[in-house]
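Participant: Dock the two chains into a complex; use the hints.
Protein sequences, first through last, are from chains H and F. Take the first sequence: its position 370, counting from 1, is numbered 370 in this note's numbering, and each next residue is one higher. Take the second sequence: its position 150, counting from 1, is numbered 150 in this note's numbering, and each next residue is one higher.
Since the hints were derived computationally from the structure, they do not count as laboratory data. Certain hints may be false.
[Said to hold, decoys possible] Among chain H residues calculated to face chain F with C-beta under 8 Å, some are: (1) Ala96; (2) His98; (3) Leu102; (4) Val104; (5) Ala398; (6) Pro428; (7) Gln431; (8) Tyr432; (9) His435; (10) Gly438; (11) Glu439; (12) Ala442; (13) Ala453; (14) Ala457; (15) Arg460.
[As the list claims (entries may be wrong)] Computed list of lysine-lysine pairs in DSSO-like fashion (alpha-carbon distance at most 27 Å, straight line): (16) Lys63/F - Lys454/H; (17) Lys248/H - Lys437/H; (18) Lys454/H - Lys471/H; (19) Lys145/F - Lys471/H; (20) Lys454/H - Lys118/F; (21) Lys62/H - Lys161/H; (22) Lys118/F - Lys145/F; (23) Lys25/F - Lys471/H; (24) Lys479/H - Lys469/H; (25) Lys63/F - Lys25/F; (26) Lys171/F - Lys437/H; (27) Lys471/H - Lys118/F; (28) Lys101/F - Lys437/H; (29) Lys437/H - Lys454/H; (30) Lys161/H - Lys411/H; (31) Lys101/F - Lys145/F; (32) Lys469/H - Lys486/H; (33) Lys469/H - Lys145/F; (34) Lys469/H - Lys118/F; (35) Lys25/F - Lys454/H; (36) Lys101/F - Lys171/F; (37) Lys411/H - Lys118/F.
Quick reminder that beta carbons are idealized off the backbone N, C-alpha and C, glycines included.
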Amino acid sequence: MGLMEKFLALIEPAHWGVHPDDRKRPAADAPVRALPLPERLYVPLQQHIGAAARPIVLAGQKVKKGQLIAEAQGATSAAIHAPTSGIVTAIGEVTAPHPSGLPVAAIVVEADGEDAWIETESVDPFALPPQEIARRVAAAGVVGLGGATFPSALKLGLGLKAKIHTLIVNGGECEPYLSCDDRLMRDRAPEIVDGIRLMLVATGAQKALVGIEDNKPEAIAAMAAAARPFREIEVRPVPARYPMGSEKHLFSELTGMEVPADGRTTDLGALVHNVGTAFAVHEALRHGRPLVERLVTVNGGAVAFPGNIRVPVGALVEEVLAFAGLKEEPARLVMGGPMMGSLLPHARVPVVKGTSGVLALTANEAAAHAPGPCIRCSSCVRACPVGLLPLEMSARIAAGALSAAVDLGLKDCIACGCCAYVCPSRIPLVQYFNHAKGELAAQSRAQLRNEAAKRLAAARAERLEREAKEKAEAALRRKAERMAQKAAEAAAAAGKTPESEATA
Amino acid sequence: MIAAILSLTVLGILLGFGLGFAARKFAVEADANVAAIEALMPGSNCGQCGYPGCPGAAAAIAKGEAPPTICPPGGKALVEALAKLLGIGVDLSAVADEGPKIAVVQEEICIGCCRCLKECPTDAIVGAAKQIHSVLREACTGCAKCIDRCPTEALRMEPVPVTLQHWVWPKPRQDAPAWA
Chain H
1 MGLMEKFLAL IEPAHWGVHP DDRKRPAADA PVRALPLPER LYVPLQQHIG
51 AAARPIVLAG QKVKKGQLIA EAQGATSAAI HAPTSGIVTA IGEVTAPHPS
101 GLPVAAIVVE ADGEDAWIET ESVDPFALPP QEIARRVAAA GVVGLGGATF
151 PSALKLGLGL KAKIHTLIVN GGECEPYLSC DDRLMRDRAP EIVDGIRLML
201 VATGAQKALV GIEDNKPEAI AAMAAAARPF REIEVRPVPA RYPMGSEKHL
251 FSELTGMEVP ADGRTTDLGA LVHNVGTAFA VHEALRHGRP LVERLVTVNG
301 GAVAFPGNIR VPVGALVEEV LAFAGLKEEP ARLVMGGPMM GSLLPHARVP
351 VVKGTSGVLA LTANEAAAHA PGPCIRCSSC VRACPVGLLP LEMSARIAAG
401 ALSAAVDLGL KDCIACGCCA YVCPSRIPLV QYFNHAKGEL AAQSRAQLRN
451 EAAKRLAAAR AERLEREAKE KAEAALRRKA ERMAQKAAEA AAAAGKTPES
501 EATA
Chain F
1 MIAAILSLTV LGILLGFGLG FAARKFAVEA DANVAAIEAL MPGSNCGQCG
51 YPGCPGAAAA IAKGEAPPTI CPPGGKALVE ALAKLLGIGV DLSAVADEGP
101 KIAVVQEEIC IGCCRCLKEC PTDAIVGAAK QIHSVLREAC TGCAKCIDRC
151 PTEALRMEPV PVTLQHWVWP KPRQDAPAWA
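Chain F with its partners taken away, still in its complex shape (with noise of 0.2 Å):
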């Protein structure tokens, strides 16, 4: 009973010391940044930027393979974080952090052939068979279910249009006041 206590203590300590030298002395270099990165990222992994989740995301940017404008979830919050992490500039502009979009179908190529509409969950696309389709703009709700279903890629989603009714002005500025 007490061999076997001081046995596997002995063992315990020589290992514990093994292990610890061994952390030391093989310890592997990792880039601070990439944990950082990582941290400001969503986490959910979704691999709409082609890197194998978050992670990988983040060493391709920490490694300047991949802009910071990589990440569509995102958004511009990220990108501009992101920038002052790494201390550098970026053209917020060719960001799409676009607003609600709706379904657009371009009447040229679209075939008539009544998938989408069935696909439809507030019926927003009318048509008929080898009829041209239409996407009423005020009933859809900007899902993306149709995109898929269309053989021709006739459909698109774009942004809601701004019209003289849902015009709002803008907010005035705040940030450059006079006095400073």
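Just chain H, with the same shape it has in the complex (with noise of 0.2 Å):
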């Protein structure tokens, strides 16, 4: 370690990160409201990581709220379910919340105004075994609600065979503007204490730790109250500092260890979990609710009354605003934090269940400046959370040799947007990155495309040989029958000659 690192250690014992001005009040002091029902939600049968969902409902056809409308399909899908009760009118596409503006396939439900349930069973949650809770939790579509959508029963079900000693809930919502955790963990804090009980029980874990960021005193201690009674559940603030968020950071801050590069949380024995998801879980076992509804913070200078919102899934985010209230029109539309969050195309686009805010944002808060050149001030550098050379990568991506920003450890970029966040000369860093990682994916994916088309030929090939073998020996057989059945009619015939002439 030399001199400056040392020093740098002193008055800063982990140099990663960023500490932008979080602005999450006063949307996080606002009490939840609940969003009037649309008369049309549009659901979007891909809300997770994965394959898309196959629908199982038929247009026209009657559903309740919570009736499971499209199911999971491949290993690594979700179900989706009705967001209220009503008739499903079409299945269609609609805009995807996504930068790219594409249409995404999605069930059309108009709403009856009724809002009601299906009949839902109570069981006591923990007298069941941890697979069943796994597959009530896959059969309530519940993901991963800190933004990665990833099926959370895939995650509990992983938790048994990889041996996990500790859950990790993640509370830290470190992006800017974003409370809508903040708000759960204030208002349902017992809740979410008990669906990480119920998690610890489906993963076989012995303990939990909650990291809640220190900017957000009334949830700790709102958890703090609900944990207190479960020995197994631990309470920590983490300091704020973004991305803390991000599993891996909030695993190290938690445990001390740190996760190797190509490796998991899991990999040493930890599962991360969002506090949303604990709720959703909660939901799903105690009250047999699969997820239908989340809440979105909707927040930006150009929303009147910023706070947090109880939304359906499938609401438009154009609905979303106009109830919140807009007092000019916003310069631009994102889903999900300003660090991280997706730019909207336009805001009739639905709201899904990763959507954890709206932002509204005016000119003066979107402000895009132009990118000027690279000084190389290494201020990216020591602002990346993952110790990457952000400067060299995009260098390097920007004249075309992806392989070259690979070997810089390109995979290991999180997009956390630390690095263009302090950069002086606003250079758009994380767009080289995730242009880079698509082409590299649109890369292995015409290599696998290649693959499978020689398989194809070679597995035609073998069926035309195949075709034309079994059409010889048919061809044979049937010559050797008609001989058989000549020979037959011969005999006969020379059977029947004697005879009939004795007959004659």
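Facilitator: Written out as structure tokens, the structure is:
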């Protein structure tokens, strides 16, 4: 360790991440409101990582709130449920909440206004075996609500396989502007704790660590009070620093261990789940209610009454913004946080399970600066939470040398945006990395496609050969049969003749 | 022996001068542009432009009878080079320099004759007699062998559609630096 590093370590123990102005209040302090039921809900079939769900309803069919309308298909997928009672009017396409503005398949449910739930059975979830808990979580379509939307049941199942000893519950919520997890922890701490206890049973972990950033004192107090009766659950404030909510960083902060570059927290015996997921698990197990609505932070300079709104999955961002009120025409719409959220092409996109927030930013907040040249100040290197060299990687990607960027650790980049946030030249570093990751994925897809084409061509050649052989065999068989028949006829004729002669 | 050498030498010199004179006197004025254009063209003489090979197309382009966008194999790169050479502006959006393509069945005119699926080298077309056929997007390699087999022209080559799973963030623009 050089002298400089020693000095830096003295003034700042871990020099990663950034400290953006959090702008969480007053939205975080406003009481939760519920969105009035929209007329139509557009429920995308792909709201999770993995394969899209397969619809099992027909247009014109009546559905109840919470009824399964699309089932999971494939190993990694999640079920989708009707967010309200009503009639399925169409299964079509809707613009995805994605910067590309491309369409995604969706089921349109026209609300009948009754909002009537399906019949649910209530059981004591703690009497269930762990596998059954995971199965019920899967049946409720619960996905990771921290943003990655990975199907939760798969993660819980992983716990049983990978010998998990610690469950880490992520209440970090490090993204500026967002406060939906904060609000949930303040209002629903007992339910979250119940969900955590269920997840402990499902994973077989012995203890749970709840990490909450210290800029949320009310949430910390509420969670600590709710968790007091349970010795296995410990609430631990962590310093507010972006990206503390990244699972590997929260894990390091809470356990003091570091996840290897190509590893996961499960390799070290820990599983990370979001507080929102814990709440969804509680709802699914205690009340049999699938994940059909969530808390969404509506914030940004253009919003008249910022706050947290309970929104059914499939409601349009337009309706959510109209409910919260707009002071002015937003210059930019973002779904998620300002650091990692996705830019929305327009407001007619549905809220999905992974929507933590909807931001309507003013021109001032969203000020886009034209990029300048890199001055090699290395601010991005100090900010990078995974210890990469963003300036070097982006230079290589700009020159088209993707493999050189991979050699520098591109695959470890978590796209948190710290580098672009601190860059004095306003270089869109994360866009470079996202572009390169997408290109690399496209290249590997093309390769897979080529291999698949070769396999298909070989299978076809084999089939043609087999068919020709079978045809030849069948022809031979028919010929033999004909010969036998002829011989039999000839024999019969030969046998008959003497008889006929005799009768004659 | 000597007479033969001398007579052939004199003959050679005279004919040489004659040819040299004729080349100057009866020279056909060729357009320098044609040669330059021809040098840029792919030179495969595929005939897709409708002219007799690349020289024919080059001559037509030089005369202004054909647009510089005429050559499909050359694509956008050739159009840009030609436009620069000829000093003309060209609408690049009209150029069909398409990326990968796949076959698509127009269901309203497919008669279910099964001819195309016998042709497909990867078995990417599914269908049965008198049933509408369909191309499996993921299995089609875009070889276009099936196109000519269709009696109703129900098969078309279309660009591979971009889906959410295939979309890639564009590379940040670098051509307009803010400090310039």
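Participant: Evaluate each hint against the coordinates.
Facilitator: We went through each hint and held it up to the structure:
no.	hint	verdict
1	Ala96	holds (6 Å)
2	His98	holds (6 Å)
3	Leu102	holds (5 Å)
4	Val104	holds (6 Å)
5	Ala398	holds (6 Å)
6	Pro428	holds (5 Å)
7	Gln431	holds (5 Å)
8	Tyr432	holds (6 Å)
9	His435	holds (4 Å)
10	Gly438	holds (3 Å)
11	Glu439	holds (6 Å)
12	Ala442	holds (6 Å)
13	Ala453	holds (5 Å)
14	Ala457	holds (5 Å)
15	Arg460	holds (5 Å)
16	Lys63/F - Lys454/H	violated (47 Å)
17	Lys248/H - Lys437/H	holds (20 Å)
18	Lys454/H - Lys471/H	holds (26 Å)
19	Lys145/F - Lys471/H	holds (26 Å)
20	Lys454/H - Lys118/F	holds (17 Å)
21	Lys62/H - Lys161/H	violated (40 Å)
22	Lys118/F - Lys145/F	holds (10 Å)
23	Lys25/F - Lys471/H	violated (75 Å)
24	Lys479/H - Lys469/H	holds (15 Å)
25	Lys63/F - Lys25/F	holds (25 Å)
26	Lys171/F - Lys437/H	holds (11 Å)
27	Lys471/H - Lys118/F	holds (17 Å)
28	Lys101/F - Lys437/H	holds (23 Å)
29	Lys437/H - Lys454/H	holds (26 Å)
30	Lys161/H - Lys411/H	holds (26 Å)
31	Lys101/F - Lys145/F	holds (12 Å)
32	Lys469/H - Lys486/H	holds (26 Å)
33	Lys469/H - Lys145/F	holds (26 Å)
34	Lys469/H - Lys118/F	holds (17 Å)
35	Lys25/F - Lys454/H	violated (63 Å)
36	Lys101/F - Lys171/F	holds (23 Å)
37	Lys411/H - Lys118/F	violated (43 Å)
The structure is inconsistent with the numbered hints 16, 21, 23, 35, 37, although it conforms to all the rest.
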